[in-house]
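Novice: For the protein sequence lines, the chains are A and B, in the order given.
Position 233 of the first sequence, counted from 1, bears residue number 233 in the numbering used here, the numbering being contiguous throughout.
Whatever position you read off the second sequence (first residue = 1), add 1000 for the numbering used here.
Worth flagging that the hints you see were computed from the coordinates, not collected in a lab.
Be aware that a few hints might be false.
[Unchecked claim] Facing chain A, according to a computed beta carbon distance under 8 angstroms, are these residues of chain B, among others:
id, residue
1, PHE1062
2, SER1082
3, VAL1089
Quick reminder that beta carbons are idealized off the backbone N, C-alpha and C, glycines included.
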Amino acid sequence: MKHTMVTRSLLWAFAAVVAALLVLPTAVVIPLSFTDKASLAFPPAGWSTRWYENFFTDPTWMRALGNSLTVGLLVAVVATVFGTAAAVGLRRWANRRAAGVTQAVLLAPIVVPAIVLAIGVYATFLQLQLLGTVPGFVLAHSVLALPFVVISVSATLVGYDDRLTLAALSLGASRWAAFRQVQLPLIMPGVVSGALFAFVTSFDEVVLSIFIKSPYLETLPVKMYASVTRDTDPTIAAAATMIMLLTTAIITIGLLSLRRRKRA
Amino acid sequence: MLESSTITKTGTRIDIRNVSKHYAGSTAVEDIDLTIEPGEFLTLLGPSGSGKTTTLNLIAGFTDLSAGHIEIDGERVDNIPSHRRGLGVVFQHYALFPHMSVEDNIAFPLKQRKVAKAEQKRRVAEVLETVGLGGYENRQPAELSGGQQQRVAFARAMVFEPRALLMDEPLGALDKNLREKLQLEIKRIHQDVGRTFVFVTHDQEEALVLSDRIAIFNNGRIEQVGASHELYERPRTLFVATFMGESTVLRGEPEWHGTEWTLGFHGAALRGTAEPFSGPAALVLRPEDIHLSSREDDIPAGHQYCPVTITQSIYLGSGRKFELALADGSTGIVRGPLARGAGLEAGDRAFASWRPERGSLLPDTGSRSTT
């Protein structure tokens, strides 16, 4: 099929409009975060960095950031360990039908509406007294992050030759040693990008977090939601800008590490 | 290690006793019974899907068996995981660890056995020398040719002095010249180290070059085990006869008088002796055992014969090859020195003859190799 110059330019223009519609609403927070007024008026009349200053000096914002980083890192560890184990196990499972059903269950949190999950988790955590605790947050967020690890590790496992594991076993490596020394290093790009996606999933999770937070423990997105409903203070724009840059950077690294693996 | 010595019979003995492997709804191997002698080079030969690789995987412990048991040096290993069986395995596609250098690949089994670093280095260098790749320690597998990769895989499977070496079509991915060169090297190394080697291939020529004995697989069963000359000269089944080398097959219903049989083949009266069996039979003749005569009077004394039509006469320099049409329409093949059948051309009618004891009368199971 041949594209004429006209159809080609039309396609580019259309793509540009779609891209702008996707990105601009998000990009609006960047100028908002540099406003000198104490309101979220757009466009800002004057410029200042006082809301960034406010973010970094207000202990409640800093505590929320600290909580988000702690929970995010723990989720990255928990979801990556279990997600990798699940992906490797699913691939080895001889009963393909059972493996398929199990995989569907593991990936379900992606399609189940967060609010449904949130109500269930809230009821359960109430019973178990996990509301407003770090273990509670890590557990709940790990459920949401697990599918991303399973997907990303499964993708790299497709290119893994199982005979390498057999070779390692025949050479005297135990199952664990074969995994540790041969399989894991070779699927590492998928594991790393899975960990990054898991961190990001936790770091910007709102719906579930609102249900399981307590006055003593809230994450950054929860604090932002509270802030926008209570005091519409542009600090939230500063926080949003930083979250956006951080998650964009992490996702970019994750995608690049997957791409590098495919080329190798 | 690996110092040249005469073949020692100190290798490992492997006993496979009535082993079967069933998968859901299908049978990979059925009732395999085979003893691999210490220091022996045994080849598992058969067409693809005949169960030879499954048998190797069962020995290696990659697959659990459904029935029977396997002993290595008299010790039952069915419940011993492959990493504690102490067997070296070489795979068709090398299975080198792509993220490790040649040195790290070969040191891998030593590392698992907690061999001291300096000793690892020394043994890697030594085994690389043995396979003709001295000084290749720091290369990456991706930088090596197929033949070099297979040498590294071979070195890696040898370096920890395994009880036996198992090889699954290790030369299958290489071109013909390289394959022949490596066959001779494998044979040399086997003679040097005097260890038990189990080799899987579908290439009967390769099996002939390498093996002390060959086990011929067909449909998940072993048809016959023996030295190559036994399989060629005294095949026990029609499958073995037709899989090992070329053959001409005359089919018919024999009549038995004790161990003596007579067989009418389109006017020719054939006779001989064999262990009696019931049902249709196939008389198998090797190409070099058949003489061709243009006149009935010229047939050598003591030969049996039948009339044939020459369909092709091919000059091969060192000799001549003929293709024949038998009276029942099946094809036959004759090879011999240039003098044999001299002057016969395609289209000529002739008499094929042979000494009676050169023919093998076997049950005609219809199970004939297609190769």
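Novice: Does the CB of B:VAL1089 sit less than 8 angstroms away from some CB of chain A?
Specialist: 4 angstroms, holds
Novice: Can B:PHE1062 be said to touch chain A, with a Cβ gap under 8 angstroms?
Specialist: 5 angstroms, holds
Novice: Go through the hint on B:SER1082 and say holds or violated, using the shortest Cβ distance to chain A against 8 angstroms.
Specialist: 5 angstroms, holds
In summary, this structure violates none of the numbered hints.
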